[in-house]
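There are 2 protein chains.
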Amino acid sequence: MKKQVDLIIEARWLCPIVPSNTIFEHYAVVIVTGQIIDICPIIKASEQYQSNEVTLLTEHVLIPGLINLHTHAAMSLMRGMADDLPLMPWLEEHIWPAERSVVSGEYVQDATLLACAEMLSGGITCFNEMYFYPEFGALAVNQAGIRANLGLVVLEFPSTYANDADDYLQKGFSAHDSWRNNPLISSSIAPHAPYTVSNQTFKTIVTYAEQLGLGIHTHLQETRDEIRQSEEKYGLRPLQRLAEFGLLGPSFVAAHCVHLLASEIDLLAEFGCHVAHCPTSNLKLASGIAPVTQLLAKGVNVGLGTDSAASNNRLDMFSEMRLSALLAKGVTEDAAVLPAHQALEMATINAAKAMALDHKIGSIEIGKLADLTAVKLSDFNTNPCYDPISHLVYTCGRENVTHTWVAGELRYSNGVYANIEPIELREIINTWQPKLRQYKH
Amino acid sequence: MKKQVDLIIEARWLCPIVPSNTIFEHYAVVIVTGQIIDICPIIKASEQYQSNEVTLLTEHVLIPGLINLHTHAAMSLMRGMADDLPLMPWLEEHIWPAERSVVSGEYVQDATLLACAEMLSGGITCFNEMYFYPEFGALAVNQAGIRANLGLVVLEFPSTYANDADDYLQKGFSAHDSWRNNPLISSSIAPHAPYTVSNQTFKTIVTYAEQLGLGIHTHLQETRDEIRQSEEKYGLRPLQRLAEFGLLGPSFVAAHCVHLLASEIDLLAEFGCHVAHCPTSNLKLASGIAPVTQLLAKGVNVGLGTDSAASNNRLDMFSEMRLSALLAKGVTEDAAVLPAHQALEMATINAAKAMALDHKIGSIEIGKLADLTAVKLSDFNTNPCYDPISHLVYTCGRENVTHTWVAGELRYSNGVYANIEPIELREIINTWQPKLRQYKH
Numbered sequence: 001m002k003k004q005v006d007l008i009i010e011a012r013w014l015c016p017i018v019p020s021n022t023i024f025e026h027y028a029v030v031i032v033t034g035q036i037i038d039i040c041p042i043i044k045a046s047e048q049y050q051s052n053e054v055t056l057l058t059e060h061v062l063i064p065g066l067i068n069l070h071t072h073a074a075m076s077l078m079r080g081m082a083d084d085l086p087l088m089p090w091l092e093e094h095i096w097p098a099e100r101s102v103v104s105g106e107y108v109q110d111a112t113l114l115a116c117a118e119m120l121s122g123g124i125t126c127f128n129e130m131y132f133y134p135e136f137g138a139l140a141v142n143q144a145g146i147r148a149n150l151g152l153v154v155l156e157f158p159s160t161y162a163n164d165a166d167d168y169l170q171k172g173f174s175a176h177d178s179w180r181n182n183p184l185i186s187s188s189i190a191p192h193a194p195y196t197v198s199n200q201t202f203k204t205i206v207t208y209a210e211q212l213g214l215g216i217h218t219h220l221q222e223t224r225d226e227i228r229q230s231e232e233k234y235g236l237r238p239l240q241r242l243a244e245f246g247l248l249g250p251s252f253v254a255a256h257c258v259h260l261l262a263s264e265i266d267l268l269a270e271f272g273c274h275v276a277h278c279p280t281s282n283l284k285l286a287s288g289i290a291p292v293t294q295l296l297a298k299g300v301n302v303g304l305g306t307d308s309a310a311s312n313n314r315l316d317m318f319s320e321m322r323l324s325a326l327l328a329k330g331v332t333e334d335a336a337v338l339p340a341h342q343a344l345e346m347a348t349i350n351a352a353k354a355m356a357l358d359h360k361i362g363s364i365e366i367g368k369l370a371d372l373t374a375v376k377l378s379d380f381n382t383n384p385c386y387d388p389i390s391h392l393v394y395t396c397g398r399e400n401v402t403h404t405w406v407a408g409e410l411r412y413s414n415g416v417y418a419n420i421e422p423i424e425l426r427e428i429i430n431t432w433q434p435k436l437r438q439y440k441h
Numbered sequence: 001m002k003k004q005v006d007l008i009i010e011a012r013w014l015c016p017i018v019p020s021n022t023i024f025e026h027y028a029v030v031i032v033t034g035q036i037i038d039i040c041p042i043i044k045a046s047e048q049y050q051s052n053e054v055t056l057l058t059e060h061v062l063i064p065g066l067i068n069l070h071t072h073a074a075m076s077l078m079r080g081m082a083d084d085l086p087l088m089p090w091l092e093e094h095i096w097p098a099e100r101s102v103v104s105g106e107y108v109q110d111a112t113l114l115a116c117a118e119m120l121s122g123g124i125t126c127f128n129e130m131y132f133y134p135e136f137g138a139l140a141v142n143q144a145g146i147r148a149n150l151g152l153v154v155l156e157f158p159s160t161y162a163n164d165a166d167d168y169l170q171k172g173f174s175a176h177d178s179w180r181n182n183p184l185i186s187s188s189i190a191p192h193a194p195y196t197v198s199n200q201t202f203k204t205i206v207t208y209a210e211q212l213g214l215g216i217h218t219h220l221q222e223t224r225d226e227i228r229q230s231e232e233k234y235g236l237r238p239l240q241r242l243a244e245f246g247l248l249g250p251s252f253v254a255a256h257c258v259h260l261l262a263s264e265i266d267l268l269a270e271f272g273c274h275v276a277h278c279p280t281s282n283l284k285l286a287s288g289i290a291p292v293t294q295l296l297a298k299g300v301n302v303g304l305g306t307d308s309a310a311s312n313n314r315l316d317m318f319s320e321m322r323l324s325a326l327l328a329k330g331v332t333e334d335a336a337v338l339p340a341h342q343a344l345e346m347a348t349i350n351a352a353k354a355m356a357l358d359h360k361i362g363s364i365e366i367g368k369l370a371d372l373t374a375v376k377l378s379d380f381n382t383n384p385c386y387d388p389i390s391h392l393v394y395t396c397g398r399e400n401v402t403h404t405w406v407a408g409e410l411r412y413s414n415g416v417y418a419n420i421e422p423i424e425l426r427e428i429i430n431t432w433q434p435k436l437r438q439y440k441h
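Top to bottom, those sequences are chains B and W. Residue numbers for the first sequence follow the numbering used here, so the first one is 1 and each next one is one higher. Residue numbers for the second sequence follow the numbering used here, so the first one is 1 and each next one is one higher.
Because the hints were derived from the structure by calculation, they are not lab data. A few of these clues could be false.
Where chains are identical, the list cannot tell them apart; a pair therefore holds if satisfied intra-copy or between any two copies.
[As the list claims (entries may be wrong)] When the alpha-carbon atoms are kept at most 35 angstroms apart in a straight line, the in silico DSBU-like pairs for lysine-lysine are as follows:
(1) Lys376 <-> Lys440
(2) Lys171 <-> Lys203
(3) Lys203 <-> Lys298
(4) Lys435 <-> Lys376
(5) Lys440 <-> Lys298
(6) Lys44 <-> Lys440
(7) Lys44 <-> Lys203
(8) Lys3 <-> Lys171
(9) Lys440 <-> Lys353
(10) Lys203 <-> Lys2
(11) Lys440 <-> Lys3
(12) Lys44 <-> Lys435
(13) Lys376 <-> Lys203
(14) Lys435 <-> Lys3
(15) Lys233 <-> Lys44
Nothing here was measured: the structure is a model prediction, and the numbers come from that model.
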């Protein structure tokens, strides 16, 4: 007798990520209550299982849902508001004034929902967020049915959200409580950056993170200026300063890391830290190019992030995979570095490891959650196909994504969202665009 | 009384490229026999003109058709066949053996048609081609209804197409005769590269180019190795060597130019040469990053090219615009360099200038041909929109292209080609993929 299951997905190609650089052909994924219970040839699945729901992906490659390891999703409404500007005028004359003017809980919920819609349509099933009002971001995450690791953001300076570091922390912990037991949402403490957080606050954060078992997510050594200022103010480079507080370790995720000394790469490796590489944002804000090849060579776990729509301007992991592979080859002048399968790993399992979620997501393995993305390879722009892994990184774009599942639930398919109405997104845009337009470059 | 015209296109936004960095809102383009006869506010167009055909682009930006300044379109069937390899093993172990085995007139016609379909769907209306059997490429160009500047390719070594340099030249001239008076096709002489063409042949080419009034299109200083070999063999860097034959001038288009001395940038500027910048291909083959900011600063005219689908792997000018702008900022660490409007100019008017076609195409101006592309900006991934020019370069992808016109004829619209059937492309893929598969990496 066949075993009754919730969903069977039959795919022309299946790229499980673990084991590395592997493609299974004509394979099925079998799902019960959101969890993968079997991965086997289609013919075997049809002999052993029955399901009311069977999705046929006859021209597609099925991959684990992509994971965006560094985002400020709630900046989606500021996309293209100010481009071609250096970091400081961009922040001081456009982004920060806009934020002071419009950012509220309602704004964060609305803008995060728009970002979730964009990410789901591009095959992203989980993101590592840092922004104000995370409890409102969580409402959007819940509605969209996407997975998120929400940062409890901490800065010294006041905002519409909180008054000082202690206020940020307390608000963060109350947000953390608001989504406790929510299967889609986890938390990290997110001190914004070494240049916006004091020594005392970093010490407090380390204590809280240990007590609560939370990871830490921060910006690190994104620009040369930030390093110079740290040397002037503290006599230390930012990473050295964080190391002194005991911040480094396997639950530490550093976004950017554009400018690193060889000794700093060793330090990150030694402590098992994770890096969120954001190649598009680093180029667009003219920060530079992170030494990804060297980080990977030393064994540092590197994931990929889009950063915000204000500095990217796409929340598109296909663009980041492609750019990270291309850039690594170009700057090292070695075409063999960062091959396609490694870029895919950075966008899936590596990011899952960085958030300590790799027991649940990041690969298609029995026992993991069914966070899955289907990419159609039959378009004329992606044909012929000699190697689906090459196509995923070098040829496909997010426009080739057809289905996105989170924990076995279909959240996006061919232009339609399970829980987001187009009219709702239209209203969000119509509400906020007039308020933001005045901060345009 | 209203003047009868062939086509009126009414656009929410119009980006004419000339004048630079300009957006007209609610503007119409009026077309008679493939030529733009007026550009004016929609309200004025509806008062002065009548047409049986009016296209409403209520949520779109209308731009000049994109121009791909360096292609080997007929390599479309080799996309993704061999990636993550250095240039020489890539060529010697995969691409060249595949070419020796399959390349014929029929192959070139089929593969070029597939590439034309890809390019039209991505808003590309003209490409600057270099490949064997150009007379067969021309057949595909004619069918697709795209515009092309076809290179009369010249090498010393024999191929399935020709035996020696003289044979290549004679075959090229007979191809050139075959499309004489064809309004869509122009020619250039295309010596493959300094390392595959002899001194004597370069001298002959210069003479022919002057006699026939043809431009010259070649690969130049793409890799460090090529420069070192030239120094060993000729005692000269490739550009110096070409300069000695009198090749440099305003009808000379050099593809790649990754490795240039400051004095070589000055030389290119002094002679009014043009550069086809191919950022994706240069990164993917690990050649390096061309000094585009310096070239532009010295007044060298720079256009953008995809190179072939075997080294890109997208024939996608949106990717090239975006990457060229991002890379220039990242490597100079100056976010203000290569702003969005300049990337758009590189993909349109600059490329038209390089092929001496700027009296006909490259901008939306009265008297020019109606080579036009519509890009829809109403998707949630491209909304809100504060600045259409920013969105075209940093946010849009080719998936946002909805209409492509060449000389006023609609050649592609929303997934449908005027003159290419899906079944035909499917047959092309089914014919050639089995023959090429054995050369896969």
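Is it within, between, both or neither when you check lysine 435 against lysine 376 at 35 angstroms Cα-Cα? between (39 angstroms within a copy, 23 angstroms between copies)
Up to 35 angstroms between alpha-carbons, please classify lysine 233 paired with lysine 44: within, between, both or neither. Cα proximity of lysine 233 and lysine 44: none, with 64 angstroms in one copy and 62 angstroms across.
Status of lysine 203 relative to lysine 376 across identical chains (alpha carbons, at most 35 angstroms): neither (48 angstroms within a copy, 50 angstroms between copies)
For lysine 44 and lysine 203, with the copy left unspecified, which applies at a CA distance of at most 35 angstroms: within, between, both, or neither? neither (55 angstroms within a copy, 67 angstroms between copies)
Have a look at lysine 44 and lysine 440 and pick one of within, between, both or neither, based on CA distance no larger than 35 angstroms. between (57 angstroms within a copy, 30 angstroms between copies)
Checking an output row: lysine 440 and lysine 3, CA cutoff 35 angstroms. Within, between, both or neither? neither (58 angstroms within a copy, 40 angstroms between copies)
Is it within, between, both or neither when you check lysine 376 against lysine 440 at 35 angstroms Cα-Cα? Close across copies (21 angstroms), not inside one copy (37 angstroms); limit 35 angstroms.
Have a look at lysine 3 and lysine 171 and pick one of within, between, both or neither, based on CA distance no larger than 35 angstroms. neither (47 angstroms within a copy, 67 angstroms between copies)
If the cutoff is 35 angstroms on CA atoms, where do lysine 44 and lysine 435 land: within, between, both or neither? Let me know, please. So lysine 44 and lysine 435 pass the 35 angstroms test across copies only (32 angstroms; inside, 57 angstroms).
For the identical chains here, do lysine 440 and lysine 353 meet the 35 angstroms Cα criterion within one copy, between copies, both, or neither? between (38 angstroms within a copy, 33 angstroms between copies)
My question is about lysine 203 and lysine 2: at a cut-off of 35 angstroms on alpha-carbon distance, are they close within one copy, between copies, both, or neither? neither (57 angstroms within a copy, 77 angstroms between copies)
Cα distance capped at 35 angstroms. Does lysine 203 pair with lysine 298 within a copy, between copies, both, or neither? within (28 angstroms within a copy, 52 angstroms between copies)
Checked against the numbered hints above, the structure breaks hints 7, 8, 10, 11, 13, 14, 15 and satisfies the rest.
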